[in-house]
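Enquirer: Sequence:
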Amino acid sequence: MENFIFSINATFPIFILMLLGLFFRKIGLINENFTAALNKFVFKAALPVLLFQDLSVQDFSATWNGKFVLFCFLVTLLSIFLIALISFLFIHENAKRGEFIQVSYRSSAALLGIAFIQNIYGKGNTGMAPLMILGSVPLYNIFAVIILTLTGNSTQSGQRRFSRSLITKTLRGIVSNPIIIGILIGFIWSILKIPQPPIFSSTIQSIAALATPLGLMAMGSAFDLQKAKAEIAPALAASVIKLILLVMFFLPLAVLFGFRNQELVALLVMLGSASTVSCYIMAKNMGHDGTLTASTIMMTTFGCAFTLTFWLYLLRSLQLI
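To convert, note that position 100 of the sequence shown is 99 in numbering that gives the first Met the number 0; the numbers rise steadily by one, no gaps.
Hints are not guaranteed to be accurate.
[What the hints assert, rightly or not] 30 Å max Cα-Cα, derived DSSO-like pairs, lysine-lysine:
1. 39 - 283
2. 192 - 66
3. 283 - 95
4. 39 - 25
5. 43 - 95
6. 283 - 43
It should be emphasised that the hints constitute simulated quantities derived from the structure, not laboratory data.
Using the sequences and the accompanying hints, generate a full structural model.
Expert: Listed below in structure tokens is the structure:
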């Protein structure tokens, strides 16, 4: 019972914020336009600033764990290729396949990861989250841009798949991605040990503090049951991969490699948290319908309230965290 209560306390405050977002939309306090603007603000401003804040103050020379970062990198890479192979078995429409691949591998690692670990280990203690983010989130975004560009409607309507303009568009999407920029600047800032004046630091903290609550409420307010019904079969398959299969396959491997405590919690979030809302934003902006993406985000957002609690309870019961 103690382990179950520990698990509930770690997960449900996060999802209560999501439910509040849904409630605020139902009573008219939040509408669709406001939710879209909120998602855009979190994606382009608050979340990159949060990632910058977490990485820029890290002493990587003292906390660096190359084995852990490499494991996150390789697992993310392998997940993407395995899901891509699976998608060719039962999804024949190119654009839909692109959405399926992205939404099946791309977790809310940055947004939920930090919130999840802070809920367990206390505010101000992000533990292994920055290293997990460094090992996985750049790959998430780079491959999302590549996959969505190569499977977009413009690619299918006669444009040569590997034309110069398509390659340029892909590279431009990678280098201009706000999350990648936030990670890169934060990492360089930390390596160069650039000081942060109190005024600068306080401003950054204020903006970064908005990312988690606003992002979680925006995720909740975007939930639409009617849209979720439209792509029920592929969305359900993607949700099972995202919340269950990746964790079942890779977390025991992490244990065999000797990872414990905050390392396992960070990996659990990387592998088994909800598909990020930015999947939908990127899909819509890169020539995709977005219905499959939205449906999967909705399923995984509310499904991971229970699956993450179960995985955390299991790890706690096995005395691995």
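Enquirer: The structure should be examined with respect to each hint, and the outcome stated for every one.
Expert: Structure-based check of all given hints:
1. 39 - 283: Distance of about 12 Å is within 30 Å: holds.
2. 192 - 66: holds (23 Å)
3. 283 - 95: holds (12 Å)
4. 39 - 25: holds (21 Å)
5. 43 - 95: Given pair residue 43, residue 95 holds - Cα atoms ~25 Å apart, limit 30 Å.
6. 283 - 43: The given pair, whose Cα atoms are some 15 Å apart, holds under the 30 Å limit.
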